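Participant: In case you want the letters, here they are:
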Amino acid sequence: MKKIRVLVAKVGLDGHDRGAKVVARALRDAGMEVIYTGLHQTPEQIVETAIQEDVNVIGLSLLSGAHMTLFTDVAELLKEKGLDDILLIGGGIIPEEDKEALKQAGIAEIFGPGTSTDEIVEFIIQNVKK
Amino acid sequence: MFKEEELEKIRKQREEWEKLVEDRIKSHPERKEKFTTLSNIEVKRVYTPEDISHIEYTRHLGFPGMEPFTRGIHTTMYRGKIWTMRQFAGFGTAEDSNKRYKYLLEHGETGLSVAFDYPTLYGYDTDHPMARGEFGKCGVAISSLKDMEILFDGIPLDKITTSMTINGPAAILWAMYIATAEKRGIPKEKIGGTIQNDILKEYIAQKSFIFPPEPSMRLIVDTFEYGMKYVPKWNTISISGYHIREAGSTAVQELAFTLADGLEYVKAAMERGLQIDDFAPRLSFFFNSHNDFFEEIAKFRAARRIWARELKKLGAKKPRSLWMRFHTQTAGCSLVAQQPENNIVRVTIQALAAVLGGTQSLHTNSMDEAYALPSEKAVRIALRTQQIIAEESNVVNTIDPLGGSYYVEWLTDKMEEEAYAYFDKIDALGGVIPAIKRGFFQKEIAKSAYRYQKEIDEQKRKVIGVNCYRAEEEVSIPLLKIDEEGEKRHLARLRKVREERNQSKVEKALERLRKAAEGEENLMPYILEAVEAYATLGETCGVLREVFGEYKEPIIY
Chain A
18 MKKIRVLVAK VGLDGHDRGA KVVARALRDA GMEVIYTGLH QTPEQIVETA IQEDVNVIGL
78 SLLSGAHMTL FTDVAELLKE KGLDDILLIG GGIIPEEDKE ALKQAGIAEI FGPGTSTDEI
138 VEFIIQNVKK
Chain B
82 MFKEEELEKI RKQREEWEKL VEDRIKSHPE RKEKFTTLSN IEVKRVYTPE DISHIEYTRH
142 LGFPGMEPFT RGIHTTMYRG KIWTMRQFAG FGTAEDSNKR YKYLLEHGET GLSVAFDYPT
202 LYGYDTDHPM ARGEFGKCGV AISSLKDMEI LFDGIPLDKI TTSMTINGPA AILWAMYIAT
262 AEKRGIPKEK IGGTIQNDIL KEYIAQKSFI FPPEPSMRLI VDTFEYGMKY VPKWNTISIS
322 GYHIREAGST AVQELAFTLA DGLEYVKAAM ERGLQIDDFA PRLSFFFNSH NDFFEEIAKF
382 RAARRIWARE LKKLGAKKPR SLWMRFHTQT AGCSLVAQQP ENNIVRVTIQ ALAAVLGGTQ
442 SLHTNSMDEA YALPSEKAVR IALRTQQIIA EESNVVNTID PLGGSYYVEW LTDKMEEEAY
502 AYFDKIDALG GVIPAIKRGF FQKEIAKSAY RYQKEIDEQK RKVIGVNCYR AEEEVSIPLL
562 KIDEEGEKRH LARLRKVREE RNQSKVEKAL ERLRKAAEGE ENLMPYILEA VEAYATLGET
622 CGVLREVFGE YKEPIIY
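Line by line, the protein sequences are chains A and B.
Read in order, the letters of the first sequence are residues 18 to 147 in this note's numbering.
Read in order, the letters of the second sequence are residues 82 to 638 in this note's numbering.
Next comes chain B alone, as it looks inside the complex:
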């Protein structure tokens, strides 16, 4: 981007400056020997055109909405439309969560995001023995189509998009959502939203897997195929780095592992015979935004560039196939219990990084989440944080305002380079699934998590209120209480569903699902038939458990 003679002048001036620095640090040493990002990338004192002299503007950056999409996937970005404000929420009964969704929509939220409780995430009904103590605790309990109908009661499913964090039994919960819409007269072509449906990162990090990798991949490709034919506005996967990061990875690892997973899904779908340009436009991503402001922004920019390049290599032709569309959530693991109000400030910085990184939708965490699920007040502040960034800060006025920053461009390149180094390591292990089975990702993440904790324990990394600026005070923030009676009401409804449905219809549907699962057909139509007949989540998933078996992970720490 710079002329030779200009670079030469800069080099000369740098040498002069370096002498000044040398003199200065003799009498006034810097605060640290080494300055690093959260991923442990060493950061120089200052960046100049010399650090990015290799960058060709049109090839490496381009204009927004143009390849390689480094500066954003849309031509007008937030000047055209602000990101979707989508707060992840769900607890207790379907009624409790429905009320929370309406509260959020009334306060200006623009998309829904459903959190399910653990039994639901594992495909168990609430009365399963493993569900003990878990009802409604970290999400809403959905045991049958009946619960799903109540969850979205009064919410316009043809106007609002819904993201559902569900993986192992994603196909089943998605079928329940489709059935809910259709029962209300909304055809499936009209509904929009996302199922997380990213099983690879479950084995790697979040650990709510059910089946072994191979049948899990089959189910995922089934949803891709069904989606592109019948539910064209649905994102059938949200390839997630968020949980990889929360489990303790660095930003570099989050970037590398997530994109490696993404490419694995593309290859699996192509092996099925699907055309890349038919399904790739419906792939979406989900990233974390942590405290290292510039590193996060560089990560988002690098992610878009790598994805566009790799999809092109795999044969994608449509520009939309090359778009990396992503949701961002601020880092839950960065929240601390001490002086919890300070978390609002952390979330603000992280949210700003996501916006400057060009996110399509955003969840901002609430200040009280180091204790419990968020209270109404806390979640409103979190939503207001996004609204303040969108409406008051003016950062949305121009696209990718940090593009061209010597540091940000250098770091974007660096993130990309390190991601490719990981791709090589994963390839050498035989691909993502063999690497999972050998515990490669799990070991890498555990190592980073431990290093981070040690740095905090040893005061090498400061966390305000935790290892410095502590205050002795009683924490007095109101926390969300989950209605203990809700579980009884939920269980009564589940019993009623089982009593009142057409039993032989359920049995037939489940039997047909079993046969199909033993064969090679796409399972979505069979799953839909089962849930429409009010087969419960546990029953439907149970059939698949019997056919596919369950996954046991290698124990690594």
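In isolation and in its complexed conformation, chain A is listed as follows:
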């Protein structure tokens, strides 16, 4: 079976990269191909990298509170470019009440503090579009 390719991406100015790096390693240990963007990526850069790297999944990470703008930007760019087959997920410091709107915008799941890495692996395996 072909390995699942995941882009772990830090969007915007937020420098909190602990979660992104831990998740990147956990996905790699679970047998996925992981590309980590590094910090300070614009939504455009992330979508561009996703195309270049031909990924199945994008995982966005943000703790600054700008998720409503920046996560939504990425989701919209994916739609614009017809990349509906990419599974888009996110994590970080995100209030419960924002989760519904983010899901409406096209982010399949939001993982908050206290999520186990197994949960994320499982979600990707179950939901990745083949």
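Worth flagging that the hints you see were computed from the coordinates, not collected in a lab.
It cannot be assumed that every hint is accurate.
With a cut-off of at most 25 Å between alpha-carbon atoms, the simulated DSS-like pairs for lysine-lysine come out as follows [said to hold, decoys possible]: (1) B:K458 <-> A:K116; (2) B:K394 <-> B:K348; (3) A:K116 <-> B:K562; (4) A:K20 <-> B:K535; (5) B:K310 <-> B:K269; (6) A:K120 <-> B:K562; (7) B:K180 <-> B:K577.
Source: prediction; values computed, not measured.
Fit chain B to the given chain A structure using the hints.
Facilitator: Coordinates of chain B only, in the frame set by chain A:
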């Protein structure tokens, strides 16, 4: 500290006890094979005078306010003055944050601590494209002196001290603070506070860097020099382990990397020709306080002892130069989203460790911070937690009450020993900056962060409500909402500042700053001139970006 014959008696008794233990665990095994601290230091069943028999009281511990300051930097500690209760706060517009500061002061806070939003941390004005979505989200937006004036409106800057978490553009925000005070008739000699201004830990952990390391170090030494001459009550740096810890390091790594950074700044300032006793008294520190109660206390005690010893080696003579004064914040990364009220208990334990570790100021996190910035109610509980420790628990009655505990003294030594092992590794890599460029710290931290997460995932470490004692419940705590209209008001003010200021004065000031940056002069006077003329943060920092360039980090995970 113990006589030979006494130690001999203890040894004999220990052997008897070990037999008892052996019998006991045959029928009742212990809960775990190995007990460890959060830094993975193995902890023995019990500690006795044998474990600390090498300690000489006067040399290793001493009295509070006396070398090596293991027991505290002040002779009377909290009997004289309780630590400063300083809650890190800031969001939305300058008006919103000003209101929060007044709320905190009304409820008994004793110092201010400013959180800036991401565009400000990176030296961008709010209308920069990279600022999209970030206005006021994790701090207050400050784009010009005008915003700074509003932020401190009605707050007595000659009476209250202010800490500002700002690094890349620290010199610029500090200049705005100085200008704000002076416009109100308060001379800069009278203002007190702290700028974080610790760029090394930005490369290592927090990642809000702007310029490459070399010009960043120059700017920092500029602030040291300017501070000691003109703003003598200001702490021109807060050398921070907090963010290193939050990024996933262990307590040992936090201790070692922070002190290595500190020594790097001292050396940089000495290379400039500054006298160590002129600037060292204005160096301050900032640590994390996590869940491992005794390990945290040992860390604080070891930090003071190492710092005093190393500064002395570098030639410091004044006792004040040897003081490690530090702020502590409870561990944000220990807060969980599940059953958030439990976070109050975590914060209490962590805050108590900071107090027993002899902190000079303290921030206690709010229970709702795994979701958002704290609501008023949550932040009041956090402040009350400190007040309860200070006023009700009586732990402040005697200094360093855990001094002499066999375990705490042993662990203090152990932390120190492990920190020195890291110092050797860093030296072998050519020092802190070469080690940063090779990703040494980043790799070490990523490894620890991953190990910690794995331990939780595999149930080796329990986190209540997360991997055990879970409860299915709706979280119903009120969260802080940031006024969406604030951004429009802020942007309108920024436009007005640009329209109404004396344009040629701004241009001249920025040009003079550029020339100075290309040379070797101290940049503080030029930065002050620019911000006083209402050059914006983005414009001022932009000039430095053009001269110094921007840093790109190696990608490591």
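Participant: Would you mind marking each hint as holding or not holding in the structure?
Facilitator: Hints, verified against the model:
Proposed proximity of K458 of chain B and K116 of chain A is supported: the alpha carbons are some 23 Å apart, at most 25 Å. Restraint check: the Cα-Cα separation between K394 of chain B and K348 of chain B comes to about 12 Å, which is no more than 25 Å; the hinted pair holds. Taking the CA atoms of K116 of chain A and K562 of chain B, the gap is near 15 Å; set against the 25 Å cutoff, the hint holds. Simply put, K20 of chain A and K535 of chain B have alpha-carbon atoms about 22 Å apart, close enough for the 25 Å limit, and the pair holds.
Restraint check: the Cα-Cα separation between K310 of chain B and K269 of chain B comes to about 11 Å, which is no more than 25 Å; the hinted pair holds. As the CA atoms of K120 of chain A and K562 of chain B are separated by approximately 20 Å, the hinted pair is consistent with the 25 Å bound. Taken as a hint, the K180 of chain B and K577 of chain B pair is honoured in the structure, with Cα atoms around 23 Å apart against an allowance of 25 Å.
Checked against the numbered hints given earlier, this structure breaks none of them.
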